[in-house]
Structures are given as C-alpha cells and as structure tokens.
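These protein sequence lines are chains A and B, in that order.
Heads up, the first sequence stops at 302 in this note's numbering, and the numbers go up one at a time, no gaps.
Heads up, the second sequence stops at 382 in this note's numbering, and the numbers go up one at a time, no gaps.
Hints were generated in silico from the structure; no laboratory data involved.
Among the clues, some could well be false.
30 Å max Cα-Cα, derived DSBU-like pairs, lysine-lysine [to be verified]:
#: 1; chain 1: A; residue 1: 289; chain 2: B; residue 2: 138
#: 2; chain 1: A; residue 1: 126; chain 2: B; residue 2: 28
#: 3; chain 1: B; residue 1: 138; chain 2: B; residue 2: 115
#: 4; chain 1: B; residue 1: 112; chain 2: B; residue 2: 138
#: 5; chain 1: B; residue 1: 28; chain 2: B; residue 2: 112
#: 6; chain 1: B; residue 1: 112; chain 2: B; residue 2: 175
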Amino acid sequence: MANVIRRQTPTARLGRGLLYSVLILAALFYILPLVVMLMTSVKPLSEISAGSLLSLPQNPTLAPWTKAWGEACTGMRCEGVGGYFWNSFAIVIPAVLISTTIGALNGYALTKWRFKGSELVFALMLFGCFIPFQVVLLPMAQTLGWLGISSSRAGLILVHVVFGIAFTTLFFRNFYVGIPNELVSAAKLDGAGFFRIFWRILLPVSAPIIVVSVIWQFTQIWNDFLFGVAFSAHNTQPVTVALNNLVNTSTGVREYNVDMAAAMIAALPTLVVYVLAGKYFVRGLTAGSVKG
Amino acid sequence: MSALEIHNVRKEFGSERVLKDVSISIDSGQFLILVGPSGCGKSTLMNAIAGLEPVTSGNIYIDGEDVTWRTPADRDIAMVFQSYALYPSMTVRQNISFGLEMRKVPKAEREAAVERVADLLQITHLLDRKPAQLSGGQRQRVAMGRALAREPKVYLFDEPLSNLDAKLRVDMRTEIKKLHQRLGTTIVYVTHDQVEAMTLADCIAVMRDGHILQLGSPDEVYNNPVDMFVAGFMGSPSMNFIRATLEDNNSGSYQLRIATPGEAELVLPWPEERNATDMAERLNQPVILGLRPEHFSEEDERLTSQAEGTLLSASVSVVEPTGADILLRLPLGEQEVTARVGPKCTVVAGDRLSLRVDMGRAILFDAETEQRIA
C-alpha cells in the first residue's frame with residue numbers, strides 16, 4: 011500500500027488524520043499502565059490516597075524506590091527486593107549461557123551431522139516447547155531431590171536450562187538449516203573436526219541467532235515465577251517471587267508506591283534488554299529469509 | 009600407477025540404488041569429467057571420492073592407496089564447490105590458508121602458499137577482503153585458490169562454473185584449462201554442461217541412472233557414442249535421430265529407407281566400409297539413423313564434382329542464424345531435423361534446399377535397445 015502514489019485530496023487527508031488519531035489513541039492506551047506505575051512509584055503515600063490515579067505527582071520522591079530496594083517486607087524479612095534482584099541475575103546469566111550453548115551445539119549437530127533418527131530427535135525436542143510447566147513440577151522436584159540440589163540456585167539453573175534447550179535448539183536448528191552444508195564439507199576436506207568447524211566456521215556467523223536466543227531466554231527465565239516459587243529456598247528466590255511476597259505482605263497500610271517501585275525494579279532488566287537489543291531480535295528472527 | 013581408481017563402487021540410499029558398480033581409473037595429470045543429466049549420480053560419485061558420503065560397497069584408491077574408509081581430510085584431495093563454500097567470516101587470505109592451518113603447516117609456509125596461489129590466480133589484491141565483498145568470478149577464483157594451496161593429489165570440481173554468467177563461464181573455463189595444462193594436476197570435474205565436458209576433458213564419463221554409459225576421450229564420446237543417450241547428450245544442437253528401415257540395395261550393400269508418406273521416396277546408401285557384422289540379421293527391420301547437424305552441408309553449385317555424401321532435398325521450415333553459422337530446421341520423413349550450414353547461406357523459411365549428407369559419419373542405432381549397431 012505504501013507504494014501506491016495517490017493525489018492528496020482533502021478526503022484522503024481527513025482519512026489519514028483519522029487513522030493517525032486512532033493509532034495514537036491506541037498507543038496511549040497501551041502505555042498508560044506503565045505511566046501510571048511510574049507516576050505512582052514516585053508519589054508519597056499521602057498523594058496516592060488523596061489524589062486520583064492519573065494525577066501528576068506534586069512532590070516527586072524516590073523514597074518508595076529505596077524502600078522497595080532495601081527495606082520493604084517480603085514475608086517475614088524486611089530487606090527489600092534488592093537481594094533477590096541479584097539472585098535473579100545469578101540464576102538467569104548461567105542458565106542463559108548454558109542453554110544457548112547447548113542449543114547451538116544441538117542445532118549444529120542436528121543440521122550438519124545428521125544421523126539416523128536425527129529428525130525424530132528434533133521433533134521430540136520441539137515437543138518440549140509445548141509442555142506446560144505445571145505438568146513437570148512434581149517430577150522435577152523429585153529429580154532435583156535425587157540430584158541433591160533442590161531449593162538451590164544450581165537446581166533452578168538446571169530446570170531453566172532443561173526447559174530452555176527445547177527453544178534454543180529450535181532457534182539454532184532453523185538458523186543452521188539455512189547455512190549451506192557445502193561449507194561444512196569444505197571444512198571437513200580442509201581437515202577440521204566437529205568442534206573446530208563449529209567454532210571457526212558456524213559460530214562466527216551465528217550472531218543474529220545468538221542475540222535472539224539470549225534475549226528470549228533472558229526474558230523467559232527472568233520473568234519466570236512458577237519454577238522460582240516451587241524450587242527455591244528463601245535465600246535463592248528470584249525477584250519475581252520476592253515481588254509477589256512483597257505485594258502480599260499485609261501489615262498496616264498498603265503501600266502502592268512501594269509495590270509499583272518494586273514491580274518496576276523487577277521489570278527493568280527485561281525492558282532494558284528489549285530497548286537495547288530489540289531490533290537485533292527482530293533482525294535475527296527474520297535473518298536468512300531476506301537474503302536471496 | 010593410476011592417480012585415482014574407482015572399483016565397483018555402489019551406493020544405495022535405502023532401496024534406491026544411486027551408483028551401480030561404477031569403475032573408473034585415471035592416470036596422474038588427467039582431467040576426468042563426469043557428465044550427465046541431474047540425478048544421474050555424478051555428484052554422489054564425487055562425494056564418494058571426496059569421502060563426504062560412505063559407499064555401500066566397492067573401493068576407491070588414490071595414488072594406489074585404498075582410501076575407501078578414510079575421512080575426507082585424510083585422502084589428500086581438495087574440492088571446489090558449486091556454491092564455492094567460502095567461509096563467510098574469514099578473509100580471502102584466511103580462507104586459502106585454513107586447510108594448511110588445520111594441517112599444522114608453519115605460519116611462514118602458509119603465507120608463502122597464499123602468496124603463490126594468489127599470484128597464480130591474480131587475486132593478490134583481494135586477500136584481505138571477506139567473501140561477501142567479492143563478485144561471483146572472484147569468489148570462484150578464491151575457491152580454486154583454496155584448493156590449490158594444499159597441493160593435493162586429486163582435485164575435485166563440483167559444477168564450479170554453473171553459478172557464473174555466460175561470458176564469465178567461458179572465461180573461467182579457459183582459465184581452468186590453462187591452469188591444468190600449467191600445473192599438470194589430476195582433476196575430477198562434475199558438470200551437466202556438455203560443452204564444458206568437451207572442451208576441458210582428457211576423459212569423459214557419461215553417466216545415467218548410476219551407470220557409466222561411456223568412458224572415453226571427448227573425440228570418442230562425440231564421434232563414436234555407444235548409444236542414443238550419449239549421442240543425444242553430447243553436442244549442441246543435439247544429434248538428429250531419424251527412423252529408417254535397413255534394406256539391401258540388391259547389389260550387396262545396405263541402404264536406409266526413410267518413410268516419407270505422400271512424398272518422393274527417400275533412400276540413403278550406407279557406406280560399405282562401415283558395415284557391422286550383425287547388420288545382415290537386421291535387414292528390413294526398423295533402425296535409428298543418427299546424424300549430427302554438421303553432417304549436413306548445403307549443396308554448392310560450383311563444386312558439382314563433390315563425390316562425398318548423398319544429396320537430399322527438403323523444404324526449410326525454420327531458419328535460425330547464430331552468427332557463426334545458421335541452423336536450419338527441415339522436415340525429413342516423419343520427423344524434423346536440424347542442419348548446420350555456413351553463415352553465407354541465404355535461404356528463407358519455405359525454400360526448398362539441396363543438402364549433402366555425410367553418410368560416412370552417420371551412426372546407426374537399434375530402434376528398441378537404443379544401442380549402437382554401426
């Protein structure tokens with residue numbers, strides 16, 4: 011449609027105007043919750059109880075943020091969500107790195123070193139993408155118990171890696187399918203082996219899909235609540251669980267500003283990741299489909 | 009000792025037999041071309057030689073050593089791929105030296121090899137570029153450079169020119185031939201282009217359905233094809249196949265009668281010196297007469313004493329000037345044949361023309377088995 015050249019008649023302009031108005035309204039509607047959250051998080055409690063939800067903060071303050079970070083009560087303890095924020099990082103970073111690495115190796119093996127039944131293996135791995143988390147809670151708890159890592163950070167990392175591999179394998183497999191097999195044949199003739207070909211030939215061209223895999227895994231694991239609440243002890247809880255506890259701790263007045271600040275803190279890393287790397291994410295997902 | 013020997017190689021994918029007892033042997037320095045239509049097994053055979061696909065049975069020897077079960081890296085071969093398969097993240101220099109690096113050749117030696125090859129292929133100015141910054145022809149050169157750097161015993165070329173445009177293809181073809189003459193390397197080259205096969209090869213293997221139909225020099229394959237497939241595949245425009253009946257001309261020699269319903273009868277004498285032993289059994293049976301377009305020539309009035317060839321007359325249906333010569337399409341009996349005549353010929357469609365047929369070079373095939381009779 012953009013390629014159609016039309017004379018700008020008054021009716022056409024009116025139509026355009028209407029179209030943009032609708033779009034802007036829709037955009038405002040979608041951004042509203044974030045704006046309200048942000049505004050509420052910098053209002054003193056008195057202003058919240060007095061004013062309306064949409065009124066601008068009269069005396070902006072960062073006190074709710076510092077309280078959410080370091081003092082707010084999450085259940086029995088009152089140490090804020092700060093510690094849990096770092097907990098999340100300690101879980102997310104290794105889980106993302108491990109699942110991406112394994113996914114890349116899987117994708118490489120499933121496309122460039124096909125074996126009898128490799129398609130079946132891939133189909134089964136793909137199946138893993140569709141398993142609801144709730145289904146595996148009990149068996150996973152058992153397994154973690156047997157392994158002796160229940161309620162530990164390592165246990166949570168393992169759970170996320172196991173679940174992530176299905177997706178990362180899918181990403182890498184579909185990316186490597188588009189890379190000519192002749193490249194691998196040439197490297198074999200040149201004398202390179204399995205890992206050398208991966209490291210020197212495939213990995214250097216995998217940047218787009220690595221970005222996709224990292225962003226996907228990062229947001230998935232960071233935003234996870236169910237595994238976090240089921241498989242963690244008090245000192246290994248991720249920030250999502252802490253946020254829940256903070257909001258549900260009912261002593262005295264409900265501090266909406268602190269709740270909002272904590273929610274913002276919990277959401278910040280994924281927001282930052284999307285803002286910084288979002289375009290690479292889209293590019294990576296469509297990589298290969300544009301190149302002729 | 010042969011540089012490459014393929015002995016009864018078979019390849020099966022499930023129940024599908026892709027290579028059926030293929031045997032070839034070439035000497036050091038020979039240029040072997042595997043040619044055939046898509047799906048004839050030529051690329052599979054190439055991959056079997058390279059070791060990229062295991063064979064089902066049979067043996068492959070390189071320089072006398074049985075390499076059938078060796079990995080591609082341990083066969084001392086290099087390959088130029090159809091898509092060039094240049095490593096996209098590496099510069100041209102790294103691409104060329106990668107194979108040497110993997111073989112733990114010292115750095116100084118690697119650099120010398122890169123210089124030598126770059127000089128040979130005139131790609132020195134491209135050494136620090138990435139493949140994406142190269143044109144098709146340049147990529148092709150780099151791919152050859154990568155193969156040449158290692159100086160292996162056998163070079164494999166898998167349709168290396170098919171991704172180039174027509175003009176560049178002809179240039180690179182000449183270049184490959186020059187390179188081969190200069191370096192005296194042993195080359196196995198896969199193509200579906202019969203012109204490449206004719207121009208480059210010392211030895212052509214025409215393949216079809218996993219068989220080698222004919223293995224011989226370009227001259228043998230072109231002028232003495234074993235069957236109608238080889239005859240039709242080699243040469244462009246391809247050989248004319250004319251349905252005829254083998255007859256006795258009542259004076260001890262054979263002749264061919266071409267069915268011409270409703271027209272004057274058409275009989276071509278078969279040269280006696282080309283008689284084959286089993287022709288007597290085929291008397292009055294249908295055969296196929298094979299005549300290449302250049303076996304026809306226009307009758308020149310000034311040379312009335314031309315003893316060679318038999319005259320026939322036909323009306324031209326289409327005239328196709330190619331510049332260098334003119335292709336004429338003319339009905340002959342129930343089929344249409346192509347004749348190649350000189351560029352000075354001034355016929356137009358509809359003209360009736362006297363053509364001389366060089367029966368001394370004609371080929372006779374069995375109408376059923378399509379095998380050659382004489």
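Here's how the hints hold up against the structure:
With a C-alpha separation of about 25 Å, the suggested pairing of residue 289 of chain A with residue 138 of chain B holds against the 30 Å cut-off. A distance of roughly 23 Å separates the Cα atoms of residue 126 of chain A and residue 28 of chain B; the hinted pair therefore holds under the 30 Å criterion. Between residue 138 of chain B and residue 115 of chain B the alpha-carbon distance is near 20 Å, which keeps this suggested pair within the 30 Å criterion. Between the alpha carbons of residue 112 of chain B and residue 138 of chain B the distance comes to roughly 23 Å, so the proposed pair stays at or under 30 Å and holds.
Taking the CA atoms of residue 28 of chain B and residue 112 of chain B, the gap is about 38 Å. The hint is violated against a cut of 30 Å. Straight-line distance between C-alpha atoms of residue 112 of chain B and residue 175 of chain B comes to about 39 Å, which puts the hinted pair past the 30 Å bound.
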